[in-house]
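Given only the sequences and the hints, what does the whole structure look like? Please build it.
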Amino acid sequence: MATSLFTSSAALSQATAQTTAPGLSSTQITLLERLVISATRQAKRLLEVPQTITVVTQEDIEKRVVRDMQDLVRYEPGVSVDRTTSITNPWGQLNSFSIRGMGGNRVLMMVDGSRIQERITDGSRDFIDTWNLQAVELVRGPNSVLWGADALGGTVAMRTRDPADLLDGQDKNWALEVRTAFDSFDNSWRKQVTGAYDFGAVQVLGSFGHISSEEAKLTKGDPNGGIWNSCTRPAYIRCNELFPADTSAYNALVKVVATPNDDHKITLTGEFFDRNTLIQQIWDSSSTQGAPTATTYNSTGYPRTLDMERYRLAIEHDWQVGASWLDSVKWNLSYSPQRRITESTSYRTYSNRTQTVYQLRDYGENFLEADLQLVSSFTAGPTFHTLTYGFDGDYTQTNYEGRNETWSSLTNGTTIALNQGFSFPKTQTVRADFYIQDEIKLLDDRLTITPGLRWANYRITPDGTYAGLAGYTPQPVSSSELIKKLSLQYQLNEAFSIYAAYGEGFKMPNAQQLFQSSSGIGNFGFVNLVPNQNLQPESVRNYEVGLRGEFEQGWFSVSGFYSKYSNFIRGLQIAPGAVLLPSGDWSMYWSDNVEAVDLYGIEVGAEYELYENIFASANLTWQRGTQQVSSGTATTPFDGAVPLTAVLGLRYEMPEHGLEFELLTTLAAGPTERASANAFKPDGYALLDGYVTWKPTENVEVNFGVQNIFDTRYFPNTLTGYANTAAANVAAQNPLEGQVGPGRTFKLGTTVRF
Numbered sequence: 017m018a019t020s021l022f023t024s025s026a027a028l029s030q031a032t033a034q035t036t037a038p039g040l041s042s043t044q045i046t047l048l049e050r051l052v053i054s055a056t057r058q059a060k061r062l063l064e065v066p067q068t069i070t071v072v073t074q075e076d077i078e079k080r081v082v083r084d085m086q087d088l089v090r091y092e093p094g095v096s097v098d099r100t101t102s103i104t105n106p107w108g109q110l111n112s113f114s115i116r117g118m119g120g121n122r123v124l125m126m127v128d129g130s131r132i133q134e135r136i137t138d139g140s141r142d143f144i145d146t147w148n149l150q151a152v153e154l155v156r157g158p159n160s161v162l163w164g165a166d167a168l169g170g171t172v173a174m175r176t177r178d179p180a181d182l183l184d185g186q187d188k189n190w191a192l193e194v195r196t197a198f199d200s201f202d203n204s205w206r207k208q209v210t211g212a213y214d215f216g217a218v219q220v221l222g223s224f225g226h227i228s229s230e231e232a233k234l235t236k237g238d239p240n241g242g243i244w245n246s247c248t249r250p251a252y253i254r255c256n257e258l259f260p261a262d263t264s265a266y267n268a269l270v271k272v273v274a275t276p277n278d279d280h281k282i283t284l285t286g287e288f289f290d291r292n293t294l295i296q297q298i299w300d301s302s303s304t305q306g307a308p309t310a311t312t313y314n315s316t317g318y319p320r321t322l323d324m325e326r327y328r329l330a331i332e333h334d335w336q337v338g339a340s341w342l343d344s345v346k347w348n349l350s351y352s353p354q355r356r357i358t359e360s361t362s363y364r365t366y367s368n369r370t371q372t373v374y375q376l377r378d379y380g381e382n383f384l385e386a387d388l389q390l391v392s393s394f395t396a397g398p399t400f401h402t403l404t405y406g407f408d409g410d411y412t413q414t415n416y417e418g419r420n421e422t423w424s425s426l427t428n429g430t431t432i433a434l435n436q437g438f439s440f441p442k443t444q445t446v447r448a449d450f451y452i453q454d455e456i457k458l459l460d461d462r463l464t465i466t467p468g469l470r471w472a473n474y475r476i477t478p479d480g481t482y483a484g485l486a487g488y489t490p491q492p493v494s495s496s497e498l499i500k501k502l503s504l505q506y507q508l509n510e511a512f513s514i515y516a517a518y519g520e521g522f523k524m525p526n527a528q529q530l531f532q533s534s535s536g537i538g539n540f541g542f543v544n545l546v547p548n549q550n551l552q553p554e555s556v557r558n559y560e561v562g563l564r565g566e567f568e569q570g571w572f573s574v575s576g577f578y579s580k581y582s583n584f585i586r587g588l589q590i591a592p593g594a595v596l597l598p599s600g601d602w603s604m605y606w607s608d609n610v611e612a613v614d615l616y617g618i619e620v621g622a623e624y625e626l627y628e629n630i631f632a633s634a635n636l637t638w639q640r641g642t643q644q645v646s647s648g649t650a651t652t653p654f655d656g657a658v659p660l661t662a663v664l665g666l667r668y669e670m671p672e673h674g675l676e677f678e679l680l681t682t683l684a685a686g687p688t689e690r691a692s693a694n695a696f697k698p699d700g701y702a703l704l705d706g707y708v709t710w711k712p713t714e715n716v717e718v719n720f721g722v723q724n725i726f727d728t729r730y731f732p733n734t735l736t737g738y739a740n741t742a743a744a745n746v747a748a749q750n751p752l753e754g755q756v757g758p759g760r761t762f763k764l765g766t767t768v769r770f
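Just so you know, this note's numbering puts 426 at position 410 of the sequence shown, and the rest follows in order with no gaps.
Rather than coming from a laboratory, the hints here were simulated on the basis of the structure.
Here are the in silico distance ranges between beta carbons for each label pair:
1. Ala310 / Ala486: 30 to 36 Å
2. Thr489 / Asn292: 33 to 39 Å
3. Gln186 / Asn292: 32 to 38 Å
4. Phe215 / Val337: 22 to 28 Å
5. Tyr578 / Thr316: 52 to 58 Å
6. Asp76 / Asn715: 18 to 24 Å
7. Ala310 / Asn203: 39 to 45 Å
8. Leu704 / Leu463: 40 to 46 Å
9. Asp323 / Ser647: 43 to 49 Å
10. Ile465 / Asp323: 45 to 51 Å
11. Val209 / Ala310: 56 to 62 Å
12. Thr196 / Arg729: 27 to 33 Å
13. Asn428 / Phe762: 49 to 55 Å
Cβ atoms here follow ideal geometry from the backbone N, Cα and C, with glycine treated the same way.
What follows is the structure, given as structure tokens:
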């Protein structure tokens with residue numbers, strides 16, 4: 017699924033920018049009107065879109081020395097990314113974006129329109145390097161008609177940089193940029209070189225970067241376990257510490273943009289991302305600290321690696337047809353193989369033998385995607401229509417390999433066990449969708465009505481050779497759905513507009529949820545994971561209204577939404593026929609459809625120029641929700657709803673001196689209710705961050721930042737899934753203190769342009 021998310025930031029700025037000050041030569045700064053593409057598949061001003069969308073630009077990423085995708089949304093209330101810190105998944109990795117309380121695979125992630133692979137039970141979607149991004153559009157709520165059925169909770173649409181981003185404004189036909197950065201949170205160092213060359217009808221961009229980092233520093237964590245008041249770990253790895261880690265990541269981007277004439281633009285893209293993390297798990301929770309026996313062991317070493325790989329090759333053609341019945345055609349083909357691979361080697365000493373246990377968990381998705389978009393505009397009576405329609409489909413090969421190899425000194429031999437972990441068969445998924453949207457303008461363009469439809473078709477076919485549990489034979493699963501949307505936007509006067517929108521979302525179960533079939537899980541290896549091929553697709557109906565205002569010195573947007581989700585899929589639920597084992601586990605687990613969620617909330621955004629070159633900004637969200645496990649059962653609070661959170665900013669620009677100062681404060685209320693009476697509810701908190709940008713010359717930029725200036729101890733108010741009290745093994749393996757927010761963090765970045 018890849019299409020028109022190619023427009024360069026330079027082109028977007030030129031499309032609507034007023035007389036913006038060039039570099040340092042003028043003191044007159046104006047509010048740049050940001051454009052979005054993800055809402056309508058065409059570039060539109062942000063305030064003209066009947067949906068709540070925010071944009072993080074490359075300039076924001078550079079000035080705030082953004083570290084990763086969690087840092088990317090630090091100032092976006094209602095959007096978050098959580099970090100995994102349990103001993104079973106110890107790499108400190110980021111999981112996925114959460115938008116309006118919906119996370120994991122319910123948020124569609126795209127890079128230039130190409131999908132990011134899904135997260136499975138022991139997985140992650142952190143395949144992104146922020147430094148190659150031109151802009152990130154955060155779409156709140158379902159966006160399925162134009163971008164696919166998986167956009168259930170929202171969409172994160174990322175655009176990579178174009179040659180024009182470096183070349184525009186140059187008095188020569190080449191440009192070179194060298195960037196470096198340091199972040200004290202994980203002692204990460206970044207180095208990146210990006211160059212572009214203009215051959216006339218062809219422009220080329222090339223970029224290569226490297227990141228090295230260590231484990232995150234939880235400086236505000238309590239080594240003794242905090243409110244759990246229990247840390248049964250050894251003294252050399254306390255409950256506020258992550259295992260020693262060494263991370264090395266490489267990224268590369270190559271783009272060739274050919275414009276043989278004004279009507280055609282052809283873009284070839286190659287992208288590469290590879291991040292490897294090696295940890296030394298200096299404490300194995302399954303080992304004993306005393307003398308080993310024939311059944312308990314001492315751990316003499318436990319190195320574990322995580323490798324995240326993403327490649328992408330794409331070709332895109334934009335043709336401005338200019339015919340009476342057809343304005344433009346855009347088509348795209350892309351191929352993107354992605355993998356998450358973990359390997360571990362445990363060295364164990366028993367009283368009568370030694371063992372070496374090697375574990376491999378290899379999950380990957382290979383995407384072959386195609387997109388065709390056509391635009392036709394015409395007049396019909398008093399109305400003007402812009403029709404966007406086309407085809408969006410892909411073929412995806414999903415692979416999972418779980419393998420254990422155990423060598424024993426007693427036999428001097430190795431035993432191999434296949435289909436380990438959260439294993440499931442290889443699958444082939446075919447998605448073929450057709451969409452149409454009609455933007456209708458009338459009443460002298462004051463009223464815009466936009467209906468849209470998408471006919472979504474899925475078929476998931478498992479590999480019949482998979483040797484899963486006896487009695488379970490995977491069968492193909494298919495589904496089709498007509499997805500609908502309707503929006504109305506009315507311009508009250510030159511300053512104010514109102515809108516109302518209805519949208520639907522639809523998401524098929526993934527291969528793991530449908531077909532997982534493996535044994536040997538649990539504390540003593542007696543638990544089976546069984547498939548559930550009767551899972552129903554998840555769905556949502558979303559209603560949204562909003563009021564917006566635009567003025568010479570600022571803007572505001574206020575919106576309210578109500579979302580009704582049904583057929584939620586929950587993983588690791590007790591399966592029918594399961595029995596309770598002496599270990600406390602049940603004998604069988606599966607995924608099921610039992611949950612319904614109602615979610616509502618308010619979102620506010622604003623920016624205003626208080627005085628010449630002094631800007632104030634505000635972003636706010638407040639959400640409430642309920643969930644019901646099944647019809648007739650009690651309704652409980654929905655833990656994913658985000659409590660009242662506001663980000664207030666003050667920015668002062670001194671272009672005549674090449675200086676910019678920014679203060680940002682986050683004010684977050686703690687949750688007042690949870691589904692479980694024993695659930696941990698974080699307290700409210702206030703954070704203050706500060707940034708300084710200095711441009712001593714046109715070609716040199718230095719960015720410095722301090723996050724959490726007052727070194728406040730806090731837990732994110734979006735944190736869920738932890739209890740007020742915990743058993744000793746839980747407190748040791750997944751301590752609450754691992755989720756404490758970062759303390760005072762220093763950032764420094766430099767950019768030199770030639």
